[in-house]
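Given chain A, put chain B in place with the hints provided.
The listed protein sequences derive, respectively, from chains A and B. FYI, the numbering for the first sequence is 1 to 426, going by my numbering. FYI, the numbering for the second sequence is 1 to 177, going by my numbering.
I should point out that these hints are in silico values taken from the structure, not numbers from a laboratory. On a predicted model such as this, the values are computed, not experimentally measured, just so you know. Beta carbons are placed, not taken as given, at the ideal position from N, Cα and C, and that holds for glycine. There could be a bad hint or two in this list.
Cross-link-like lysine to any residue pairs, in silico, SDA-like; alpha carbons within 20 Å at most [claimed, not checked]:
{"id": "1", "chain 1": "A", "residue 1": "K346", "chain 2": "A", "residue 2": "L193"}
{"id": "2", "chain 1": "B", "residue 1": "K163", "chain 2": "B", "residue 2": "E153"}
{"id": "3", "chain 1": "B", "residue 1": "K36", "chain 2": "A", "residue 2": "L193"}
{"id": "4", "chain 1": "A", "residue 1": "K346", "chain 2": "B", "residue 2": "M18"}
So the derived list for chain B, only partly shown, Cβ under 10 Å to chain A, looks like this [to be verified]:
{"id": "5", "residue": "Y23"}
{"id": "6", "residue": "F27"}
{"id": "7", "residue": "Q43"}
{"id": "8", "residue": "S144"}
In silico negatives: residues of chain A with every beta carbon more than 10 Å from chain B [to be verified]:
{"id": "9", "residue": "E15"}
{"id": "10", "residue": "R16"}
{"id": "11", "residue": "D338"}
{"id": "12", "residue": "D367"}
{"id": "13", "residue": "I369"}
{"id": "14", "residue": "V375"}
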Amino acid sequence: MPPNGPTTGIDDPMERVAIEALIKIVILIGGLMTAAAYLVLLERRMAAWIQDRLGPNRVGIPLTRIRLFGLGQPIADGVKFLFKEEFTPAHVDKFLYWLAPIVIFMAAMAIYAVIPFGSVLPASLGLEGAPIHLVVAPGIDVGMIYVFAVSSIAAYGVLLGSWASNNKYSFLGGMRSGAQLVSYELPLGLGLLGVVLMSGSLRLDEIITAQARSGVWNVLVQPLGFVVFVVAAFAEAERLPFDLSECEQELVGGYHTEYSGIKLMMYLVAEFVHMVTASFLIAILFLGGWHWWGLTGWEENVGWPIALVRIAVLLAKVLALILFFMLARWSWPRFRFDQLMDIAWKIMLPWGMVNVVVVAFWIEFGDRIAAAVGVANPVLMAGTGVVVLFLAWLIATRADPTAADNRPVVVSPGDGPRSAQGGPSP
Amino acid sequence: MKDVDKDIVWVREPELGMAGKSYLSLFVGGFTTTVKHLFSPKQTVESPEERHESPDPLLYRGVHRLNRDEQGRVKCVACFLCATACPAHCIDILAAESPWPDRQKYPESFTIDELRCIFCGMCEEACPVDAIELTSLYDLVGKSREEMIFDKEKLLSVYDQTKDAEPMRTKRMRDEG
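Chain A extracted, bound-state conformation (with noise of 0.2 Å):
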């Protein structure tokens, strides 16, 4: 086979793959854990200036006295880290103490292997002659159940971890996680499922270019199904006001109580790691990925200028998204749990559902009712799926499932149950 691109000495194609998928792979974990660092610092500066505090703002470089905003504050955090005595309490299961953090890391890591950074590289630079798609895995079928697989596996991680600790109070963050993760997969897959029907595909990249094709993002055609994952993905990143299985105030740290040195940081970074993977999620599917109207188009043969537009707008946006990620941090307090429940499965899951149903009735009927009533298809699902959004809200607002009558109840003999003050239960 003549070489279309430059000659890399290299003619196996297969090793051309691996290696491509090599490069990018050290591009991703370098990139992701340097991103990781710095926004572990800008979220400790965003915390401080929301308390009306300046926050982290002295590490600069080593032995001078250059400060630079406190940038070298992640080279001395990681440092510490490194160089902290690693404690192994005495009554933990020392094999799975030690693969909990392991599993977590991993799993965060591993998700990445399909998460689009952005869209291709122009054909120029291919070994193949073929466009470089900004994927590590490019072209599986099956990507978001990847993702959802993977994600899931985070879930062992905290129970594992909370389990060989040994300690109630890991254990107590373990439960509370386990039983919060698994109930924030529903909505979080009803509000993917809305996602698929629009595009067709299961493939990142796929959804991505169906909603720069028709330039209609998500969000607008069903808001209730944005809310839906959006909500889900914080309790799935275990974000505040969702951290219920860490509360520093009641349980000292969940379930990485125990745990010291570098295991904490691999168990600290997996969970900075998820709220990454959290807003690329919420970026991908529901904002658009890399498109913006006007500047990015659609096509799959781009050159340069445009390949690198693409990824400073995905990028951009899953930055304002962190960024809201950090600010949701300090704004609302944080849910009990009976509620945190609650939410799960009386709002969430209905509104899935409720999205599914619209959107499903719109891809099937759509285009003969727009053609009937003379509006483009797009616009009137964006009107219905605000006007669902709306009456949607109204009836979980009117019914309110999250009020509890935490009242005691009473029982005496020949009596059913009643709540100690009589009358009805709200």
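Leaving out everything else, chain B in the frame of chain A:
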């Protein structure tokens, strides 16, 4: 549990209105507060470069000082009221007959263990002659425990250091009428 107990009153949470139940007001309110504070001026004092300035140095409870009178003598009359009032028992006074005609006793030695002190200000409250006062000096360091036991000379020297910035309470009260 007895369900007939008339003394038990079950308090119920106040009912939320539609806006409260819909979570929207909380959502908007929380977010507005956060964003407002994100851009508001910061309270942090960058310590080694800047110093925290107490809004009223006479209210701040920092390192003690022993005041001098107009002739430069220690004002203390060794009445032991401060040592009695001290909840941490950090004041140690050795009284002796006064060399001056206007009082009977004076402290031959007067030591305060600054490491035991809890800076509650009770000594200042108890003192009938305004001899012991707390200054607004807060960065109190030493290399050994012994160094942190302040004797009479040291406490008087704290007065010499701070008398200009922080006049005695009696003087200030006189000035302000």
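Output the indices of the hints that this structure fails to meet, ascending. 3, 8
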